[in-house]
Every structure is written in structure tokens, then in C-alpha cells.
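Enquirer: Could you use the hints to bring the two separately framed chains together as a complex?
Protein sequences, first through last, are from chains A and B.
Going by the working numbering, the first residue of the first sequence is number 1, and it counts up by one from there.
Going by the working numbering, the first residue of the second sequence is number 1, and it counts up by one from there.
Hints listed in this document are in silico derivations from the structure and should not be mistaken for laboratory results.
Each hint can be trusted.
Anything over 10 Å on all C-beta distances counts as not near chain A; from chain B, calculated:
id : residue
1  : Ala49
2  : Ile85
3  : Thr188
4  : Gln263
5  : Gly323
6  : Asp359
Taking lysine to any residue pairs in the SDA-like style, the calculated list, with each CA pair at most 25 Å apart, reads:
id : chain 1 : residue 1 : chain 2 : residue 2
7  : B       : Lys160    : A       : Gly176
8  : A       : Lys191    : A       : Leu152
9  : A       : Lys191    : B       : Arg143
10 : A       : Lys316    : B       : Leu321
11 : B       : Lys189    : A       : Ser166
12 : A       : Lys316    : B       : Lys319
13 : B       : Lys410    : B       : Pro388
14 : A       : Lys316    : B       : Asp83
15 : A       : Lys12     : A       : Ala223
16 : B       : Lys319    : A       : Asp313
17 : B       : Lys410    : B       : Gly383
18 : B       : Lys410    : B       : Asp393
19 : B       : Lys319    : B       : Glu286
20 : B       : Lys93     : B       : Asn351
21 : A       : Lys12     : A       : Leu343
22 : A       : Lys191    : B       : Asp142
23 : B       : Lys160    : A       : Leu172
In this text, a Cβ means the ideal position worked out from N, Cα and C, and glycines have one as well.
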Amino acid sequence: MSANKTGRRLSKQSLNGFINYGIVILAYLVVQLMISQGLMSNSLQSLLVPVCCYVVMAVSLNLVVGVSGELSLGHAGFMSLGAFSGIIVSVTLQSVIELAPLRLFLSMVVGAVIGGIGGVIVGVPVLRLRGDYLAIVTLAFGEIIKNIIMVLYVGVDEDGLHFATSEAALNLSEAGTAIVKGPMGAVGVVKASTFTAGILLVLLTLLIVQNMVNSRAGRAILALRDNRIAAESVGISVTKYKLMAFVTSAALAGAAGALFGLNYSSTLASRFDFNTSILILVFVVLGGLGNIRGSIIAAALLYILPEMLRNFDVSKYRMLIYAIILILVMLATNNPTIRGFFLQLRQRARERKGGQAQ
Amino acid sequence: MNSKKFLAGVLAAAMALSLTACGGGGQTSTPSTSTPDASTGDGSTPVAADGTITIKVGGIGPLTGSTATYGVATHYGAQVAVDEINALDSDIKLELRFEDDTGVNETGVSAYNTLKDWDVDVIYGTTTTGPCVAVAAETYADRYFQLTPSASSPDVTDGKDNVFQMCFTDPNQGLTAANYVADNNLATKVAVIYNNGDAYSTGIAQGFIAQAAERGLEVVTEQTFPADTTTDFNVQLAACRDGGAELVFMPIYYGPASLVLQQANAMGYDPQFFGGDGMDGILAIEGFDTSLAEGLMLLTPFNATAEDERTVTFVASYKALSGSDENPNQFAADGYDCMYAIYEALLNIDNLAEIAAMDPAERHTALCDALIVQFAGEYDDAGNQTAPGISVDGLTGSGMTWQANGEVSKDPMVVVVENGAYVTQ
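Same shape as in the complex, but just chain B (with noise of 0.2 Å):
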């Protein structure tokens, strides 16, 4: 009796799945993935009647995990932009897609594969440096344009035509710092803490050191904690200060120099602190208290307290779709500024139309190599350039162009911190 009541309640609970399974295939509003036989079409062309042609953008980024800040606030960023777009009066519109990679490298291929088989067009992403290594020698080799907002490793763009950059890369933001310190006479003896268990933070701190030298800039020492949980940082201050450091670099993420700053203020040493873009939003951590961080000094491509009409409209509409009243950050930016990058592309390639009517197995490649050359310019047989890319103006910077190595040719935007807000200077 009682296991023919229990039969009874797998048999129901079985029922009430598939009825919800059905429910959630009705209502989902992304095209049906289920076919993975690209080379049909399934009639998905993306040219509909009246001549408009919809581009698929698959983004990829952590949505969940320890790094899943920056993936939604790509996310939204991007979502901002394609509104904006969509709503503009063009024949090109934008439809996202955005894929959680957990920040892990092979979830990020995973999340990849699952792009393709929605028929994706342009790969956005990945937000992270890891995953995106891994995902561009994917895209490479598939034939898919890639365009990164924050991936910024070398090794993302080396050796592939098709993946370019919205930030700068680790160590070229190594290498403008230290021209920046040289060039306003802000040091002459620095030291530098950087996180040796992050890429990111190495690569910058490489970049600094090698170009310090190339400087006459003296570096005293070397400071390196190994993990973004590190919280005693008085060892390495000790350190810069016997050194004798005027200015301390510290490429490094937010928290971890929220404690810098509060302990360097507890044992009485004040230099000029100098931070790079992962330091931007320190400023909006719970219960820092923001007087610590007076005089500041921070790299960083994106000023949410700007007041020019772009960036209000732009932080005003993020606000509106993330629901929270939190300033968005330079991720978001690079978000923005990667979809505009990427319309402005569509706009210059002649033959759109031609191309996206194609199958997607050969509408990926053909747009591909159109986007390649948009971006990077036209290059002869001996490597001389005969004709520009694109030039964007956005957020993060204007008249934005694209070497052909996929790396961003943009000017640096320098922050101080004063009264508890961004000056840029």
C-alpha cells in the first residue's frame, strides 16, 4: 500500500515537471536552440521583411561566483546600448544573449558552445581574462569575431586576427602609469604591492616596473600578497616606507586597498597612493570610510560622476535596468561602449545585407572577416596600413581605434580622489 502511494507521488510530481517543462518552453524568448544543425538555417535568417537585419550578439561572462560583479555589470551596460540602438532609426538592430561562465575557463567554453548553437554572429565577451583566453582560441579557430570589454591580458589577443580589446592590456596600463608618474614629476622613488596569485594584477605590475626603469624611476621594492583575502598588508607597507617610497603603485582590486589605505593611515605613512583601473569602486565600499582615500591617485577609463549628457543618460538608463541606485562602474562602460564599437562596424560594411542573408555555418565567418577589417584597417602585403578602422567615440574614451594586433588605441584617463569624488585630471 504504501509504495503504491509513493508510486502515486513520483507518478504526479513527474506530471507537474513535464506540465512546467512544457510552460517553460512556451514562454522562453530566445529562438528554440534544440536544433544544433546549423548548416539548415531553420529559417532563422536574421533579414526580416522590411529590409531590417538583426545581428546575434552571444556574451559571455560570470553572472555567478566570486567575479560575478563584473559580469552583470557588462551585461547591463551591453543592454543599455543595444536599447539604444534597437530604438534608433537604423536597418541594423541588436539581439543579445548573454551566458554565465561562472568566471571559470571551462564553463566559458561551455558557454561558448551553447552561443553557437543559438547561431551566434559576434562573440562579446568573455569578461574575464581567463575564460577568455580559453574562449577566443575557440572563436579563432571557428571563424567568430570577438570583441572583449575587460579581458585584458596580452595573451587573449596573440596570434588571433579576429579578438580585440575595450580596455588596455595589463602591462600597456603598467607601462602608461609609470610614463604618467615620469611625465607629472609626481616621484621619483616608488614601490609597488601587487596580488602574485592574480594575472591581472601581475601583468600590470610587470608593465610599471619595466617601463619605471625605462624612466629613471627608482623602484625601491616589490611587494606582493598572494590572494584578494590578504588582509594584513603592514609587512609590505613597512617595507615601502624604510624604502623610503614617495609613491606606492598598487595594481590592484578595490577591497584589498581599501585595507592598504586603512593601515598605511594606522602606521602613520602617507605617500601618494596610485592605483589602476581595478581599483575604481572604492569609493562605494560599505562602511570605508571615504576620507582614507583623499588625494588617491587611479588609471581608470570611466568616471560615473561626469557630467557630460552621455554619461548621465547612460548611468541614468543603467540604473533604470539593474533596478539598484549603485553608480554603474568602468565594466559597464567597456559594456556600452563594445556594443556602439560593434554598430558602428555593421554600419561601414557594405555588404551587410549580402552577408546576412547567408547560412549561419557561413554567416559567422563572412562577418567575421568584414568585422576584422573594420576594425583593424586594411593592411597591404608589406604591413603598411592602407586603410583606417573604425574610429568610436564612447564612454571610455574618444576617437577609440583598433590595432590590427587587437589592441585599443585610446588616451588614459587619470583620477584624483578629492572630497570623496572622482576629479578627472
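Okay, chain A solo, but in the shape it has when bound (with noise of 0.2 Å):
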């Protein structure tokens, strides 16, 4: 609302950022309140905060795929080392640090900085390929990370972490405990993600999402989308804007990762595959390359989209009837007469209120 009134002043992008954050913030009193009322099932309680992770997962690929125009296929590989670092942290701070949110936000900070660290190691050699020879080497990326997690072995006791490639060699003390197992993964997890930490991280991806988009570095890497040789000729350095782009977009997924792997008791390496990469870029197709809200809703709504199949006669088939939804979303989306329909509300709207907005 408060969006609105000031909108006069602010230009256009702006105004779109805000109208986002008031969403998230609309989307949490409303849970709230449901939550409080008594109103919202159990099934969907427990969908919250994956989805926050999937909304972070959507967006912060959207400015790989939709911003820089860089087509990444390995983003889960970034979730999966955020989730396991931030796994270890927690567990290994379990006993030093009781308050479970403080807990939770180191964890997201180094779930953060592993997975930049990531999209750095990625990101300087593969960078320098273009269109198709990215894609295939982000993919082989995500499986990379994904099998090295699944011969990783990691333990704590008094001496400290412990890493080695099978349970025995891990070498743990008495007191010690193996955190994550290999192909088992990481189990006995103290679940600590919260759906307030959730919208935490939502808030603060859109902020830094949006406002590097709308800075001088986001103008340069827009440029650099659109024409990469005209970029390059009035100065702009490829590496440093792509890269600067890839880095973010991943560090945001490891925390994404982090806040996924405390929300559950045990993960598994596995789950961070090549199809969950394929999944949060089809929230990001779906919802509309480079749109940021387009992500968010699209990430939100898929995500609960075939639980909420499970309560109808058809939950039999409700795979077939999300894919089926998928196609159909697709469709819709690239058809001119239903795009030309929409934009025809959208300006008699402004028509209507011609007066006041101009």
C-alpha cells in the first residue's frame, strides 16, 4: 500500500521490488494468522519452509538464467553443499551453542560462503564457454558434488572434524559422532529452520537480487546478455560481471541449502540431483525469464502444487496431473492471444486510472 503512494517518486523497477517484498510479507501475516486461527492443515505447515527454500532457489537462478542469460543446469550442486556444510556446522555447534536460530543463521552463513566458493571454482574456468558448453559442464558440476558427497564421510569428537571416504577410517573417539554417512547421509539431524527464517532469507535474497539488478553492475550484466560483443566494446569485463552474477546466485543457493538440510532430520546426497536442478529451472521458465516475481509465485505454487493433489480422487494420478499442469502453464504462458489478453486488462486498468497514475 504503502508502495503505492509513494510510487510517484520511484521509477518503475523500484516499484516492482517493493510490490515483491510487500507479497512475502503479505504471504507471512496471512500464514500467521491461518497458523493462529487453527486454519491451515498440517500438510501444508509443513511445506512452508521448503518452499522458501525453493522461492530462494528460483530466484537466485534467475539471475543466472533470466539476468545474465547463462544457462545453468548445476544449481542444486550449490544447494547440496550449502545443506551438508550448514548440517555440519549445526551439529558441530549443537553442544556450544544452545539457541537453535543462532545456530541456524551461522550455519546459512557458511552454507552461504561454501557454496560462493563453489560458483568461484565453477564459475572462473566455465565462465569463459558460452550458451550449451556452460549448461553441460554446470550438469556435470551437480553430479560432480553429488557423488563426491556420497563416498564423504564427516565426524566430530573433542579433536574436531574428522573427513574421511568410509566409516572406519573416520577414526571417531568414543564421545565422537559421524555426522554425515556416505551414501546413508546425514542423519540425526537437529532440525532447526523455521518458517520466519525462511521469509528472512526470502526477504533478503529479493533485496540483494533486485538491487544488484537495478545497479550498474546489473547494467552491465544486462548488457552483456543483450550484446556481448557492443558490452565488451565500451569496456565492460565479461568475467568480472558474469562471474559476479554466478558467485551470488550461488551463495544464495547454499544458504538456501543450509535453511533445507536443518529442516530435516536426515538428507540424502542423492536428492540434490540433476532433477531437482531441472525443477528450479522450470519454476524459473515458468514464472518468466528474468521476472523476479514470476519466480517466486511460480516456485511457491508448483512446490505445493501436487501435495495438495494428495486430498482429491485423482491423487492416483497426480504426478501425471502436475506434469499435465506444467505443459498446459507452458502453453499459456508463449500464446499470443492469452499474452494479448492480459495486456489488454492491464491497459484499460490504466486507463481507468489514467488521471491519477500519469
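Expert: Shown next, in the form of C-alpha cells:
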């Protein structure tokens, strides 16, 4: 509401940005109200944190795919890095820090840092490639991360952290615990994630991504996307700006991963596979490339949809229906008639308000 | 004009959709789940006027995805048992609702929460280990009784008094296999081939290797492969042959196992092959030459070709229910036994009618505590058992009992493939 009042002084982009914050905060308030009134089912409540994670994943991937124009198929790899580093931090600090939110915060920070480091490692060599090649290399990176974590054993005892490739080789003392056990994943994690933390992460992600897009750097990234040669000719450094977008996206995915990992008592590396990367890409594409609000809405709706289909008679075919809906949405959003219809509606609304807005 | 036509189309579509939605709501056979406020009870008390008590059993397992075979089998197996139990002249009836978890942790937790909205009393599942560990942590916190047919990692029951298993734990299965090999003098030099990207396979292999050392078996080589999609096992087999292994232990699923057998045959290597319960199903693979599996030994809790009356009846009912001609596998048998174990335990609860009359929110907690006592028996403060738990005769074993840590005690069964069929040893 306040965004509307100050609308005249704000640019269109900032107004859009404020509407996004507004939607997220409104969603948070509505959900809190519904929970306090006992109107929300257990199944919906259990989806709140993962929805936040996937919204952050979609918005951050949009920064790479939509804004920077590079196809990345390894986004789940960064999520995995964040999830497992976050879990290791949380379990290690369990006895030192009693306060769960603080532990969660530190886990997300470490998850973001590790995700960011992963982004630099992949980004520096890879962003010299373009288009299809980048897609293939990021895909491979995601699989490499998955396979490394599948053979990685991490344990903690009073001497600190131990890393090995088999449980016996960890050499833990009596008091030690194995945190990550290769293919068995991380088990016995004390859950720390909350919906509030998830919403705060979504808001932080929006703050970072939107400000980045609307900054000098963002305009440079957009220029590179639209015409690389022209942008280079005016002195824009390709590697620097592409890397900036890629690493920011990876770090945010790492933070989302930490939030995700600490929302379940066990996490398997095999969860963060190629399919998960594609799922996030689907959210981004259906929401609209470069459209932040579209990513938020698409991620939230499409993640909840298959769970909601459980409650109908059609539950046997819910994954089939889910797939059909994906196809229909894709067709509908690309149909010129439908697009024209919504454009007309918008135009009419603008004409009606015409006097005030202009 | 065009947009008006389009608008009309959209509205028509919306109306059609809302109509089908109403139709769906009217036909739905499960009670409405839209009233999440469990504390009010919404009148769905499980005690009917004639005194029958209906206990809601919520099943979770993969009905879609790469592990769907197992989930579908446990679903049908359990449904066969539920139908049989409900046909009995008894006051206790079971109602089974099965939710899909696609074999993924987070979806398993969502499925569990959907069942909670349904006011579930007992959780049956999950079928696969990964989601089961995640769901078990939730049921432990919420106090629901949980019995899994086939999630075999010790992490499933570790530290949770409310979770029980129908299958052996992975390390126990490895240990049992090593004992069997040593007891029957099958070999002194053994090799292990396992999938180190899979918790099940790794767990059994580690249990086997530890117990083999204990029993004086020499493990000449440990060979691994990364995923069930691996197709070339020549390197692993050559290592086994060069190490002089007389027996190759393969705690892997039947898909890769069939390839191992083919390739061993092609290279003229013929040791004794020994598998775990994941090998069950190898004879049913289309296009697989079953003569290659001749002499293969495997640990499996269930033999669908056995001729005792109960197995024969079960196989017939299973085929009728699933509408296919395929024999049920061990997952189906585990599911069947789970329902009978729950039923047996319910029969032994003295104050079941009293518990059933409670509000859903209190009912599952009371039922959980009562069922734990029935399964594990009673213990005094010193940890000595004062009263034994239930003993169940099922398809996968007779006289099955449970320890307080949730693990099942039953005799292992070893079968050998002879003339293309299982022969129980």
C-alpha cells in the first residue's frame, strides 16, 4: 500500500521491487494468522520451509538464467554444498550454542560462503564458455558434487572434525558422532529451520538480487546478455560481471540449502541431483526469465501443487496431472492470444486509473 | 471480439473445472481432510454403534518414481491383509490409506503430514530407508506408532522407541550372511561386490565384512560400483577371480546382479554367488537367462513359490488385487505381515475401546504407548524384560518378536536357485 503512495517518486523497477517485498510479507502475515486460528492443515504447514527454500533457489537461479542469460543446470549442486556444510556446522556447534536460531543463522552463513566458493571454482573456468557448453559443465559439476558427498564421511569428536571415505577410517573417539555417512547421508540432525527464518532469507535474497539488477553492475550484466560484443567494446569486463552474478546466485543457493538441510532430520546427497536442478529451472522458466515475481509465485505454487492433489480422488494420477499442468502453463504463457488478452486488461485498468497515475 | 470469445472460453473452462471439483469431492471415499483442527474431533470417532473399532493405518511409500516397485508391492501386500482382517469376525477393523512419497525424504514428510490431517492412528512405512529416517524423527516427536515393512537401516530405529521394523537391519543381514557362509563351510576366501552409492548395499557389505573377519573368513577383495545404472562389472569380477575368491557376496539389487552373472559367465568365472534380499526378483527379469542364476544363493524372507497354504492364498489374493500375473515379492509379504502384527498387537490391548473413544490428538499418543508395550514387551527400571511382547506368525517368518530397539528377531531363510526356481534350504 505504501508503495503505491510513493509510486510517483519511484522508478518502475523499484516499485516492482517493493511490490515483491509486499507480497512476501503479506504471505507471511496471512500464514501466521491462519496458523494462529488453526485454519492451516499439517500438510500445508510442513511445506512452508521448503517453499521458502525453493523460492530462494528459483530467484537466485533467475539471476543467472534470466538476468545474466547463461543456462546453468547445476544449481542443486550449490544447494547440496550449502545443505551439508550447514548441517556439519549445526551439529558441531550443537553443544556450544544452545540458541537454535543463532545456530541456523551461522549454518546459513557458512552454507552461503561454501556455496559461493563453489561458485567461484566453477565460475572462473566455466564462464569463458558460452551457451550449451556452460550448461553441460554446470550439469557435470552438479553430478560431481553429488558423487563426492556420496562417498564422504564426516564425523566430529573432541579433537575436531574428521573427514574420510569410509566410516571406519573416521577414527572417531568414543564420544564422537558421524555427521555425514556417505550414501546414508546426514542423519540425526536436530531441526532448526523455521518459517520466519525462511521468509527472512527470501526477503534478503530479494534485497540482494533486486538491488543488484537495478545497480550499475546489473545494467552491465544485462548489457552483456543482450549484446556481448557491444558491451565489451565499451569496456565492460565479461568475466567480472558474469562471475558476480554466478557467485551471488551460488551463495544464495548455499544459504537456501542450509535452511533446507536443517528442516529435516535426515538428508541424502542423492536428493540434489539433476532432476532437482531441472525442477528449479522449470520454476524459473514458467515464472518468466528475468521476472523475479514470477519466480516467487511459480516456485511456491508448483511446489505446493502436487501435495494438494493428494486430497482429491485423482491422487493416483497426481504426478501425471502435475506434468500436464506444467505443459498447459507453458503453452498458455506463450500463447499470443492469452498474452494479448492480459495486456489489454492491464491497459484498460491503466486507462481507467489514467488520470491519477500519470 | 476476439478477447470476448477468449474470455467466454476461460469462463467455460473455469465452470467445467469447478463442476469436476465438486464431483470429485462427492465421490471421494476417504473422509474429508479439509478440517485440520484435530482437537475438535469432528465426530469421526472410530468406535461404531455396534462396538467395532476402526483403526486408521496410514501407509507411506513410493508409488511413483524409480523405487515405485517396492511401494506398490507393500501397498498391495498390506491391502490383502487388511481385507482378510476386516473379513474376520472381530471387533477390530483396519482402514488403510496409502500416500506416495516418490522415495524422497521431503515428500515422505509431506505425505506423513497429509496422513496426520486425516487423523491417522498408526503409521505403516515408509518403504524405503531414506524417507523412513526422516519420517521416523517426526513420528517420534509427535508420538505416532510406526512399523516399517522394509526400511532396513539401523538409523531408522536408532534412539526412537516408537519405530519397529519388519525386515532385518542391513548390518544384521550382512552378519547373518557371514554366519551362514561360515557355518556351512561354503568358502574360506570370499569377495564382496557392492554399490557404495547406496545405503542399503553399503550397510549390508559393512556388516558382512566385519562379521567375516570375526568368523575367520578371508575377504580377498572389496569391489564397489557407484550406482545401479552401472553396466560393466568386468573389472570387479576380474579382481575377485585374481584374488581367488570361492564365494562372491553381492548385497545388491537384482538389476545389476543379473549383469554380474552374465559377465561372470562370459569370462568363464564360476564362483558361488551369494546375495541379499535385494536379489529377490532376479528370476523375473525379462530376457534374463535363468540358467545363469543356477546355484545362486540368496537370503530372502519370502519365497512366493512355497507350497504352504498361507503363501498360496496370499499369492492368489495378491494377483487378484494387483490385476497382474506377477508373483508378489518380499516387500509385499513384509507389508502383509505388518498388518497382521499391528492387528495382533491391537487385539492384546486391554483398554483399546477406551483409547479409541479419545480425541484424535490424544488417541494416537495413547495408542503409540500401548502398541510399544505390545511389540517390545515390558521392562523394569533395570532393563530386564518383565513381560514378553507379541509373537507373530507371518509369511516372512514364524514366531517373530521385537526387541525394545525396534529390531525384529526371526530366523533368516536362505534359498538356492535350482532349475529356475527357489528352493528353501
